[in-house]
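Protein chains: 2
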Amino acid sequence: MADRHRVVILGGGFGGLSATHKLKHAPVEITLLDRCNYHLFQPLLYQVATGSLSPANIAAPLRQILAGQKNARVLLAEAVHIDAANRRVILSDGAVSYDTLVVATGATHQYFGHDEWEEFAPGLKTVEDATAMRGRILLAFEAAERERDQAKLKAWMTFVIVGGGPTGAELAGALGEIAHDTLSHDFRDIDPSQSQIILVEGADRALPSYPPKLSEAARKMLVKLGVVVRTGAMVTNIQAESVTIKQGDRTESIPTRTVLWAAGVLASPLGRILSKEAGATLDNAGRVVVNPDLTIPGHPEIFVIGDLANFSHQTGKPLPGVAQPAIQQGAYVGKLIQARLRNKQLPPFHYFDKGNLATIGRGAAVADLNWLQISGWPAWLIWVFIHLLYIIEFQNRLLILLQWAWLYITFDRSARLITGKNPLPLDL
Amino acid sequence: MADRHRVVILGGGFGGLSATHKLKHAPVEITLLDRCNYHLFQPLLYQVATGSLSPANIAAPLRQILAGQKNARVLLAEAVHIDAANRRVILSDGAVSYDTLVVATGATHQYFGHDEWEEFAPGLKTVEDATAMRGRILLAFEAAERERDQAKLKAWMTFVIVGGGPTGAELAGALGEIAHDTLSHDFRDIDPSQSQIILVEGADRALPSYPPKLSEAARKMLVKLGVVVRTGAMVTNIQAESVTIKQGDRTESIPTRTVLWAAGVLASPLGRILSKEAGATLDNAGRVVVNPDLTIPGHPEIFVIGDLANFSHQTGKPLPGVAQPAIQQGAYVGKLIQARLRNKQLPPFHYFDKGNLATIGRGAAVADLNWLQISGWPAWLIWVFIHLLYIIEFQNRLLILLQWAWLYITFDRSARLITGKNPLPLDL
Numbered sequence: 004m005a006d007r008h009r010v011v012i013l014g015g016g017f018g019g020l021s022a023t024h025k026l027k028h029a030p031v032e033i034t035l036l037d038r039c040n041y042h043l044f045q046p047l048l049y050q051v052a053t054g055s056l057s058p059a060n061i062a063a064p065l066r067q068i069l070a071g072q073k074n075a076r077v078l079l080a081e082a083v084h085i086d087a088a089n090r091r092v093i094l095s096d097g098a099v100s101y102d103t104l105v106v107a108t109g110a111t112h113q114y115f116g117h118d119e120w121e122e123f124a125p126g127l128k129t130v131e132d133a134t135a136m137r138g139r140i141l142l143a144f145e146a147a148e149r150e151r152d153q154a155k156l157k158a159w160m161t162f163v164i165v166g167g168g169p170t171g172a173e174l175a176g177a178l179g180e181i182a183h184d185t186l187s188h189d190f191r192d193i194d195p196s197q198s199q200i201i202l203v204e205g206a207d208r209a210l211p212s213y214p215p216k217l218s219e220a221a222r223k224m225l226v227k228l229g230v231v232v233r234t235g236a237m238v239t240n241i242q243a244e245s246v247t248i249k250q251g252d253r254t255e256s257i258p259t260r261t262v263l264w265a266a267g268v269l270a271s272p273l274g275r276i277l278s279k280e281a282g283a284t285l286d287n288a289g290r291v292v293v294n295p296d297l298t299i300p301g302h303p304e305i306f307v308i309g310d311l312a313n314f315s316h317q318t319g320k321p322l323p324g325v326a327q328p329a330i331q332q333g334a335y336v337g338k339l340i341q342a343r344l345r346n347k348q349l350p351p352f353h354y355f356d357k358g359n360l361a362t363i364g365r366g367a368a369v370a371d372l373n374w375l376q377i378s379g380w381p382a383w384l385i386w387v388f389i390h391l392l393y394i395i396e397f398q399n400r401l402l403i404l405l406q407w408a409w410l411y412i413t414f415d416r417s418a419r420l421i422t423g424k425n426p427l428p429l430d431l
Numbered sequence: 004m005a006d007r008h009r010v011v012i013l014g015g016g017f018g019g020l021s022a023t024h025k026l027k028h029a030p031v032e033i034t035l036l037d038r039c040n041y042h043l044f045q046p047l048l049y050q051v052a053t054g055s056l057s058p059a060n061i062a063a064p065l066r067q068i069l070a071g072q073k074n075a076r077v078l079l080a081e082a083v084h085i086d087a088a089n090r091r092v093i094l095s096d097g098a099v100s101y102d103t104l105v106v107a108t109g110a111t112h113q114y115f116g117h118d119e120w121e122e123f124a125p126g127l128k129t130v131e132d133a134t135a136m137r138g139r140i141l142l143a144f145e146a147a148e149r150e151r152d153q154a155k156l157k158a159w160m161t162f163v164i165v166g167g168g169p170t171g172a173e174l175a176g177a178l179g180e181i182a183h184d185t186l187s188h189d190f191r192d193i194d195p196s197q198s199q200i201i202l203v204e205g206a207d208r209a210l211p212s213y214p215p216k217l218s219e220a221a222r223k224m225l226v227k228l229g230v231v232v233r234t235g236a237m238v239t240n241i242q243a244e245s246v247t248i249k250q251g252d253r254t255e256s257i258p259t260r261t262v263l264w265a266a267g268v269l270a271s272p273l274g275r276i277l278s279k280e281a282g283a284t285l286d287n288a289g290r291v292v293v294n295p296d297l298t299i300p301g302h303p304e305i306f307v308i309g310d311l312a313n314f315s316h317q318t319g320k321p322l323p324g325v326a327q328p329a330i331q332q333g334a335y336v337g338k339l340i341q342a343r344l345r346n347k348q349l350p351p352f353h354y355f356d357k358g359n360l361a362t363i364g365r366g367a368a369v370a371d372l373n374w375l376q377i378s379g380w381p382a383w384l385i386w387v388f389i390h391l392l393y394i395i396e397f398q399n400r401l402l403i404l405l406q407w408a409w410l411y412i413t414f415d416r417s418a419r420l421i422t423g424k425n426p427l428p429l430d431l
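Residue numbers (my numbering), protein chains in the order written: chain R, 4 to 431; chain A, 4 to 431.
Think of the hints as simulated: they come from the structure by calculation, not from any bench. Mixed in with the good hints, there may be bad ones.
Since the list gives no way to pick one copy over another, a pair counts as held whenever it fits inside one copy or between any two copies.
[As the list claims (entries may be wrong)] With a Cα cut of at most 30 Å, we get these calculated DSBU-like pairs of lysine-lysine:
id, residue 1, residue 2
1, K128, K338
2, K249, K157
3, K155, K73
4, K157, K73
5, K249, K216
6, K155, K27
7, K347, K128
8, K320, K227
Chain R on its own, in the form it takes in the complex (with noise of 0.2 Å):
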């Protein structure tokens, strides 16, 4: 044991997980290093802030999914440092040593240099991002319920949401229904279908990456669930009561006390670190430029993968930064260090576009299968069946399901907890 082959695995995401399963029969010593102890499921963390699902439901711990994988140990514990001249990633306490490591890291959210917009434009990245909005929306409507004066009372029932990719579609869709159907009874008042939810999307069409076709399927859906979607429009300003918003010549101040942050993408800063200390290329966004074979120039040892990579061998461009690249770069730097350990060599890595899926409300998605492009029903099953076959645990598969089929029948959303300090004073 004590010369195996050591893989230290920074990141128990869709690509960390997926490498460390890969090499499951593998003869190495692998280290799965992540700050958090549970894998989450990030492609449904906007149903924890819109209060349809628990955190649990979506989040695995990384102990109990390599519980029976021996070859495979857990460190509960954040890299602050990769000496890559020693081959050693340097923990907050303590070290690891390692002869190939893997760098999975992924991205979180960036504000394009206004980082004082995050107080007031909350991002979704993390459990904690998710209750926190789930506070924030619920508050919203207990501030109006409260409200006399017309004018706050209209900013505290204004939501915008800032960026429209998926996750800003599913998002406003989302609080669409929350505001028609979930919350209809629930407040003396106010009326929360007269709630205004607006998407602002910089391109010039929702879901910019999926096909037009697509776009104009999902902007209709948005609509019908009451959504503004504001295209061509650019954020310049958000303080605590306002948005502003810049269309064409046109600049506008919207006010609102609750902004969802849905754009911008900011690789993990362990990039940086693997450019300081083995010469890695950055892009824009701070992710790390790999080579065909997913490692760095110079540093065949170290690989990178997911949302902290940039693998634009294939198409020209980066790949997407969703659960499906990840996971198959995963395996694939598997299998390559397998390979390597019988000497061989494999292919560069090449990417399996199985499709796109956003959910826009009940009953209601679009599918980009590239063979096949659906919306609607259809496209909203696609998604169901999908995502619960993707989600890691059985039991998880079993409560997600139930909670679904509540929702779609009741359109009741139980888990709508406030909890934590609460992230908005209510201070009318």
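Starting from the known structure of chain R, fit chain A onto it as the hints suggest.
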């Protein structure tokens, strides 16, 4: 509507909600005020703290519960003062006037004058308490996995629960299961079943409010789960790395990093305000001594119910701080308010003791139904049935049942997330 009798109910727990429900068809205008936006089913809070259930499973949004009760409105606010002379409740941001006031703000835990213990020995009254306790328990095992020093390792794997009432016994039982079953394959360097779990109780037996026969049955169940039950033992000090226990003349310091507090109840601070503003009498635990009709002397318009009330007219001592008295008192107050509106009176409140139940792990519980005292499997089935019956919201019943069935079969606790700011630094 404007001249309807105004009932203000402080607290959306068992008592407040029961009173609200009883008034459903009464010609009154109810304002239910709570700091949380949900009703919490506290008897199952320990299952959140030990990773079996998610917070949303045992919490139902107050607005949703009361969506159909048109004469009730919910106010998310904190009552900071009661102006009894002018019949007004002062909020942190406003005021509400009442004709009848029902105070049902319950109790929290206390440290018998040692507030400095709270940092090291968290209690269990809120959702936030439960998720923080869950995090501490899981982090202790994580820290143990990385600890090389044998003495320190032992301290991480020693869990001390202070208080051998139902909450303490249930926590200890669940911890025993976690250590012996749930985590058994999760770690590589430690064996969780080597954990020491110590339940400390001041009385001469665990569950002192139960008949001795059931205490003995509970003790046996705890021992089977690897719990050491120390009775006649007082905690005299709690520090970051140890707890000091006095048993008879013997004082002992037990090295431990995880102390859970399940002792010492302190009534809500509104009791003290009622004492100052309305001349109410308080008992040692800060509870308000109430009249036979649950009002306070000199103020027939102010009712105090549930954990905050000391009602000793029936048995000579206060009713236990559990759900049943609160529910029955809430219903009584609801009926009395309606009787008064018709210029009628009611006989004094009478508590009907349906019995007590506590569960000690999988398939093991004790039930004191007064006419019948049982333990083991049959008691556990009664426990499951009763708890599912009293959980508000049908969806939660299904979800809880499914998760219990899963837990029963697999020992797997899926809600094992460490969330929020790590309650404990991993300072190894």
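Verification of the supplied hints:
1. Taking CA atoms no more than 30 Å apart as the test, K128 paired with K338 passes inside one copy only; the shortest distance there is 29 Å, against 49 Å between copies.
2. Taking identical chains as interchangeable, the C-alpha atoms of K249 and K157 lie at most 30 Å apart only when both belong to the same chain, with a minimum of 21 Å there against 61 Å between chains.
3. Proximity of K155 and K73 under a CA criterion of 30 Å is satisfied inter-copy only: 26 Å between copies versus 58 Å inside one chain copy.
4. In this assembly of identical chains, the alpha carbons of K157 and K73 lie at most 30 Å apart only when taken from different copies (24 Å versus 57 Å within one copy).
5. For the homomeric pair K249 and K216, the shortest alpha-carbon distance inside one copy (26 Å) is at most 30 Å, but the shortest distance between copies (75 Å) is not.
6. Taking the closest pair of Cα atoms, K155 and K27 never come within 30 Å of each other, the shortest separation being 57 Å inside a single copy and 32 Å across copies.
7. Taking CA atoms no more than 30 Å apart as the test, K347 paired with K128 passes in neither setting, with 38 Å inside one copy and 59 Å between copies.
8. Taking the shortest Cα distances, K320 and K227 never come within 30 Å of each other, neither inside one copy (34 Å) nor across copies (61 Å).
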